[in-house]
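S.K.: So the chains spell out like this:
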Amino acid sequence: GNSVTQMEGPVTLSEEAFLTINCTYTATGYPSLFWYVQYPGEGLQLLLKATKADDKGSNKGFEATYRKETTSFHLEKGSVQVSDSAVYFCALRVSDQFYFGTGTSLTVIP
Amino acid sequence: GAVVSQHPSWVICKSGTSVKIECRSLDFQATTMFWYRQFPKQSLMLMATSNEGSKATYEQGVEKDKFLINHASLTLSTLTVTSAHPEDSSFYICSARVAGASSYNEQFFGPGTRLTVL
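Chains as they are written, first to last, in our numbering: chain E, 1 to 110; chain S, 1001 to 1118.
If we strip away everything but chain E, and leave its shape as in the complex, we get (with noise of 0.2 Å):
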């Protein structure tokens, strides 16, 4: 079946830290592999995606590549900010159906 694995968190970081937010999925066929963000009381919006093997998405300083051989899509971003705060969903993609993953809710600290 299809499913998506993310950390858990809750995960609390200091301003300027680096962020490893882990993601790793089952599939059958070929997904795309996204990463939302949630911000408090707003709807998802799409952060990165990615759509093939070795393809990296990039946005806003977030990063993931798409490993096939590890079936990952691990997010990272070298210096996070306050603003960063929000709750980030890894979501596959296969035909027209989307499967997410629980959420890992960041917090920022000045």
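Some hints here could point you the wrong way.
Residues of chain E placed beyond 12 Å of chain S at every Cβ, according to the derived structure [claimed, not checked]: (1) 22; (2) 49; (3) 56.
As a list, the in silico EDC-like pairs of lysine to aspartate or glutamate whose alpha-carbon atoms are at most 20 Å apart [unchecked claim]: (4) E:49 <-> S:1106; (5) S:1041 <-> S:1087; (6) S:1014 <-> S:1065; (7) S:1020 <-> S:1065; (8) S:1041 <-> E:42; (9) S:1055 <-> E:42; (10) E:52 <-> E:76; (11) S:1066 <-> S:1022; (12) S:1041 <-> E:84; (13) E:56 <-> S:1065; (14) E:52 <-> S:1106; (15) S:1041 <-> E:8.
A few chain E residues that don't get close to chain S, going by computed Cβ distances all over 12 Å [claimed, not checked]: (16) 63; (17) 83; (18) 109.
No lab work stands behind these hints, which were simulated from the structure alone. Treat the numbers as computed from the prediction; the structure is a model and nothing was measured. The beta-carbon is built from N, C-alpha and C at its ideal position, and this holds for glycine as well.
With chain E fixed as given, assemble chain S onto it according to the hints.
M.R.: Just chain S now, kept in the frame of chain E:
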């Protein structure tokens, strides 16, 4: 970019009443819209897939008579929670798939509707 809106953004209702939530694609046509439910601190769970002009396809375990979905136009889908109960309190999010081969599978998410049933 493609924008999806939802209305209302939050609603409080009494147990036993029905609530309608609208999902609109503002600047594109969406032949398919999806409805998700998100419980506190949990992930999104797909409830149903709504195709314009036809009946919605519900995921296993979702009561189609309780969660009525209508997709009457290429820019509007509605979810009606009938005879709502406190356990229906949740965050409901829709997404819309952009029509057209060049943007196949692109989906954009609405901001969500928070339903609280007293």
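S.K.: Confirm or reject each hint.
M.R.: Right, here's what the structure says about each hint:
no.	hint	in the structure
1	22	holds (15 Å)
2	49	violated (10 Å)
3	56	holds (19 Å)
4	E:49 <-> S:1106	holds (11 Å)
5	S:1041 <-> S:1087	holds (16 Å)
6	S:1014 <-> S:1065	holds (19 Å)
7	S:1020 <-> S:1065	holds (14 Å)
8	S:1041 <-> E:42	holds (14 Å)
9	S:1055 <-> E:42	violated (29 Å)
10	E:52 <-> E:76	holds (18 Å)
11	S:1066 <-> S:1022	holds (16 Å)
12	S:1041 <-> E:84	holds (18 Å)
13	E:56 <-> S:1065	violated (43 Å)
14	E:52 <-> S:1106	holds (15 Å)
15	S:1041 <-> E:8	holds (11 Å)
16	63	holds (21 Å)
17	83	holds (18 Å)
18	109	holds (20 Å)
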